[in-house]
Amino acid sequence: MLPVWAKQYKDYSRSLEEFGVRPFRQLPPIRPNIGDDLHILVFQDVFFSMLSLSNTYTQYLYSWGKYIGEESTKQLLQTMGVGHLVAKLGAAWKGYTGIGVLKDPQYVDKIFRGWEYYKIGTPRILWVDETAKTFRVKVNELMYSWDLPNVKKRTCFLPTGILGGSVEAVIGQPVNIVESECKAAGKEADEFAGAVQLPEHKFDELKPADFKRIRQSIYDRMFEDEKERHDLDDYANLALTQAFYLGIFLSSAGAHALFYWIGRESGKEIGARLKGDRLKGFCDLFEKLKIGHFAVDRRTMTFVLEECAFCSGVKNMNKRLCSYVAGMIAGYLENTNKKRFTVVETKCIGSGDKRCEFVIHSK
Amino acid sequence: MDRVKTGIIGLDKHIEGGYPKNASIVLIGPPGCGKSTIAQQFVVEGLKNRQPVIYVAFDSSPEEITDSLQRFGKVEKEKLKFIDGYSWRIGESGGENKIGDLSNINELNITVGDVLRSLNGAPVKRGVFDSLSTLLLYADPTLVIKFIPVITAKIKTAGYNLVMILEEGVHDPRILSTVSYVVDGSISFKIEENKRYLRVDKMKGTKHSLEWLEFETTERGVVLRD
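Chains V and L, in that order, are what the protein sequence lines are.
Following my numbering, the numbering of the first sequence begins with 1 at its first residue and continues without gaps.
Following my numbering, the numbering of the second sequence begins with 1001 at its first residue and continues without gaps.
In silico DSS-like links for lysine-lysine, alpha-carbon gap of 27 Å or less: (1) L:Lys-1146 / V:Lys-338; (2) L:Lys-1081 / L:Lys-1154; (3) V:Lys-202 / L:Lys-1195; (4) V:Lys-74 / L:Lys-1195; (5) V:Lys-268 / L:Lys-1146.
The hints are simulated quantities; they were obtained by calculation from the structure and are not laboratory data.
Chain L with its partners taken away, still in its complex shape (with noise of 0.2 Å):
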């Protein structure tokens, strides 16, 4: 099976080379507990090898996101598109991709088909969805429950392998139990006693264990312990 980096050296080793190729994960944990980092190196390692990337962003504005991954890396902004979701959350309107109302999935899903048409071509390309969590606040629940199966398998058929954020525990049960259907990966995260791990609970067509692994975040980023 085709592989995708994850960016993170150890996590790489522990599922067998990476996400698998055109695969869509998600991250699940409480706030604080390195999500958002693990899928900023996503990004960079997307961006290190030329590859485009798609970020859609509900919880940072895009210039913030910049910043923080070019801690992991050079960023070439050509090759990242940016989704704006935040904005509108904090009363600013106007602006190229920017979603002017995030309980309009309709909106939200014209802009996602518009930015992946605009980046076709490359054989890898990358997602990030951070968080799903915030767009699961303002949209109705029901319509939230039929736009991610429509929107993942959109991305995948595109050729973009997704990473999704989800903030433990704020969610209606029946979006949780649609997220873990649709997607292909899905890894927790918990902190105790002042440290991080991460398990991989699920991941299509890899072997893996099932233990809690111990992670820090460095300047590098992640890095998970030997």
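Here chain V stands alone, though its shape is the one from the complex (with noise of 0.2 Å):
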């Protein structure tokens, strides 16, 4: 069901309209010259730097997780039509029903090629129980928590709603899910446990000093020139990030605080671990990590930034929607020049405009 607030807003982007659709169809590509993808640090980024704010943001961004795998698996099963009827008549006459849908490899398909084709991670199902109601996921290279330190700690949030959100879709019935394996937690893979009718769990309460270490490797792999995943590359497709930010920033106007401060603080981090022309070196990583190409104007200190990773594809909703971007040029002109700048968006491709442009005053 479409929680409540995300009735509050029409205007969600093609990412989530499209989110559950483009990985079995040829749509047109989010970014002509970039390409669509994103380097998975700057989506760990945004995640766990949310995450360390408040504990408040775990079943938050369980429930956003919850909300775009129910939403767009919906959006998929819809645009089947007919053929959503015929598979489910298919199903039932093969013996799969409930739980048992997941035998079914046509469904599985749609739960699961969008991970793959997001280059989410590669999952797969070890197992399904239909007289227990119980299921097990593992997944391989899960974007989420991929290298990171070894914090004991269970953090996939986002990607046990996205599951129970997608599987719950299929089967029509409520699914939890408990994320059994971590990478984080020093697994080789992590691994997902699912089941009808189970009693709520809890997640793994992450301290200060774990997102502390989280982040350092974070920023530290930024500047690493190591491939990360060995079977998928380092990319995920940037649908994802925007039916995650979008998603979040749409639904409150008070998201811009949210995102400008997360981006202000890995831009003081990403400042503090530049070398040489600290300028050059931060547009550079822009383009490493495929936020977008920067032009900069040093005389007037206005960053023009080209199909930016947040907003490219989204249709003019009047918004200017790229506060992490915002705040990570202020976070690394604050690091840099020791002294407080604040950075405006005036231009943005939310609001029309072909590009994003970033104006910056220094008090």
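Could you use the hints to bring the two separately framed chains together as a complex?
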């Protein structure tokens, strides 16, 4: 069911509308020049920076994951039209009902093709027990936990929600998912145990020291040249980030403060790691992570960002959407100049402009 | 103790009929959990009773907020005064009661003073800061720590009941403790399993429980579940 806050906004970008459908259809690229990949470290940064703000965000992000999983899978099933009915009858004819649907390859494909297409990770169902109404899923190279330090905690709250939402959309019953194993808890891969009619489980509570280790590792790895993931590459499709970032952004005007804040904290960490021509290094990092292509007017201190990962492909909704990028610029400038800066996004694809523009004010 | 209705029936019952008169209340929670809706219902409740309202807007334009308010009832625009801190944030400037630079606390202080004076006379008045978090992003934290007690005192002395919005976790801890010290009431929000909850953490001169209360947002606004 659509959560109440999701009903409050109508202008959700095509990112979620197409999110479930994109892996099954040839849709136009979101960014014609840079391509639609975005480094997994950007996603890890946004995700863990947000989680680190308060324990409230654990359940919050899990709920968002559930919403993204359920809505995108539902949209996919709807676009199948009569095909969905045929598939349903076919599954029933083969004896797959309830949780048993997870044994039907065509439904497993509906749940997981997006994970592979978006390069979230490589999932497979280990087993389905129809009597106990339980199942288990293993995901290799999951982008959320990949290469994190061992903090002995399970950290993948968002994909837990996405998996739960997708399975619920397919089987039509509430499902509880527990992340049973996690790379960030020192395991070889991530595993999720699912069950119908289980009491809600509690998530692991990460402490400030855990977040500090995780975030330091993210910024350190941004400056390493080593390949992150062995089978999948180091990039995931940006539609995933948009479905998450824009969903939160458009659910509340207050999200600006949240994303600007976490962007600024990230910008400070990045600024501290830059050497030599730091402005060039900052712009090069944006290229490497594929956040977008920066052009900087050093005289007016105006940053222009082409094909921004956060708003490319979004229709004109008369909003400036790239608060995270604005915050990153502010944080980078504050760290490198040792004084306060404010950054105002004056143009944005979300306001109908061709590119994003950020103007710097210093005190 | 005199009370000012929140505009939310279930919440009024929970806190002995409404916020204490002349109180400053802070709403703290993650984005999209209902803080702005509750603040806007507080505004519409005042406008329904012909009480003047001052709305300090940092996160949305006055036009967007007016549209949003109209979901909950008729908005008498002559009773509603905006201070527009949003336009600067998106690179636009000029116009009545627009803040030219959010990092300039003095400018905000002067503009608030001017608007307060223009709305004199009514026995009950209401004010909203939506959101304090955005202001805190741009202004120097040391100045903000000095500014918060001054501005809340100024608004309360002028007979206003003030509701301020804070985004969860997005603050220097020193600022959060200043806000907590200054305000008369504090309400927290959370979202779990797509359900929304609020909890009254503190309310001056009011007996209330510390339980999380589930609520829904309907066409008529926030409704607390029985």
